Amino acid sequence: DTAVSQTPKYLVTQMGNDKSIKCEQNLGHDTMYWYKQDSKKFLKIMFSYNNKELIINETVPNRFSPKSPDKAHLNLHINSLELGDSAVYFCASSQASGVASTDTQYFGPGTRLTVL
Amino acid sequence: SQQGEEDPQALSIQEGENATMNCSYKTSINNLQWYRQNSGRGLVHLILIRSNEREKHSGRLRVTLDTSKKSSSLLITASRAADTASYFCATDAASKIIFGSGTRLSIRP
Numbered sequence: 001d002t003a004v005s006q007t008p009k010y011l012v013t014q015m016g017n018d019k020s021i022k023c024e025q026n027l028g029h030d031t032m033y034w035y036k037q038d039s040k041k042f043l044k045i046m047f048s049y050n051n052k053e054l055i056i057n058e059t060v061p062n063r064f065s066p067k068s069p070d071k072a073h074l075n076l077h078i079n080s081l082e083l084g085d086s087a088v089y090f091c092a093s094s095q096a097s098g099v100a101s102t103d104t105q106y107f108g109p110g111t112r113l114t115v116l
Numbered sequence: 001s002q003q004g005e006e007d008p009q010a011l012s013i014q015e016g017e018n019a020t021m022n023c024s025y026k027t028s029i030n031n032l033q034w035y036r037q038n039s040g041r042g043l044v045h046l047i048l049i050r051s052n053e054r055e056k057h058s059g060r061l062r063v064t065l066d067t068s069k070k071s072s073s074l075l076i077t078a079s080r081a082a083d084t085a086s087y088f089c090a091t092d093a094a095s096k097i098i099f100g101s102g103t104r105l106s107i108r109p
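Sequences listed follow chains A and B, in order.
Take the first sequence: its letters are residues 1 to 116, numbered as in this note's numbering.
Take the second sequence: its letters are residues 1 to 109, numbered as in this note's numbering.
Rather than coming from a laboratory, the hints here were simulated on the basis of the structure.
Think about it this way: if two alpha-carbon atoms lie no more than 20 Å apart in a straight line, the pair counts; the simulated EDC-like pairs of lysine to aspartate or glutamate are:
#	chain 1	residue 1	chain 2	residue 2
1	B	96	A	58
2	A	36	B	5
3	B	69	B	7
4	B	96	A	53
5	B	69	B	53
6	A	40	B	7
7	A	41	B	7
8	A	44	B	5
Here are the in silico distance ranges between beta carbons for each label pair:
#	chain 1	residue 1	chain 2	residue 2	range
9	B	108	A	17	41 to 47 Å
10	B	55	A	5	34 to 40 Å
11	B	68	A	9	42 to 48 Å
12	A	26	B	26	34 to 40 Å
13	B	57	A	63	42 to 48 Å
14	B	51	A	40	27 to 33 Å
15	B	57	A	26	28 to 34 Å
16	B	27	A	59	14 to 20 Å
17	B	66	A	95	24 to 30 Å
18	A	14	B	39	23 to 29 Å
19	B	67	A	10	39 to 45 Å
20	B	14	A	65	47 to 53 Å
Computed from a predicted model, the values in this text were never measured in an experiment.
All C-beta atoms in this analysis are idealised placements derived from N, C-alpha and C, irrespective of residue type, glycine included.
Input sequences plus hints: build the corresponding full structure.
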């Protein structure tokens, strides 16, 4: 059984479009995250939700909007896509509630977004 | 600014040799984690070492932590082809985990 799943795995789209990436975890974890990994493999946290509540919101453009319908799902919607948004986006989850520093994070397989 | 930085950025060794990669960080931590990322995949947790621990083992992995130098090392003994991957250290800062940019390890047959 897949623990953390993301769809789609690949996403190719034109500049200016709006797209969504979906994430689901079946681990019963309380906290979910979105990370962006750039071409140099640097992984940066974007958002974190705990029990559907936003707890971390890094300095990302407000074109990025996470949505958590329940604690098992955290979707990422991106408006007006730009070339610089091209990256691999990872969803992750952990058991932590609140501070995640001591908890293992479980990652999804990633979504490779290419903006043309 | 980055909390954790790995060194070297890339490492190529012969199968069977040991691989050592290092991580340096800037601020005080509660713990440090190491993750592996195979090409085209998500990160997989390998080991966590707490700030009051100096060394930890898990199978062929050995992690050390020197809080006075703000550094950690990951040693993989008797490397195998399947160890080819990128390895990331992750430290906690400001209530979140921050990842470095990783060490790309290649194991030559």
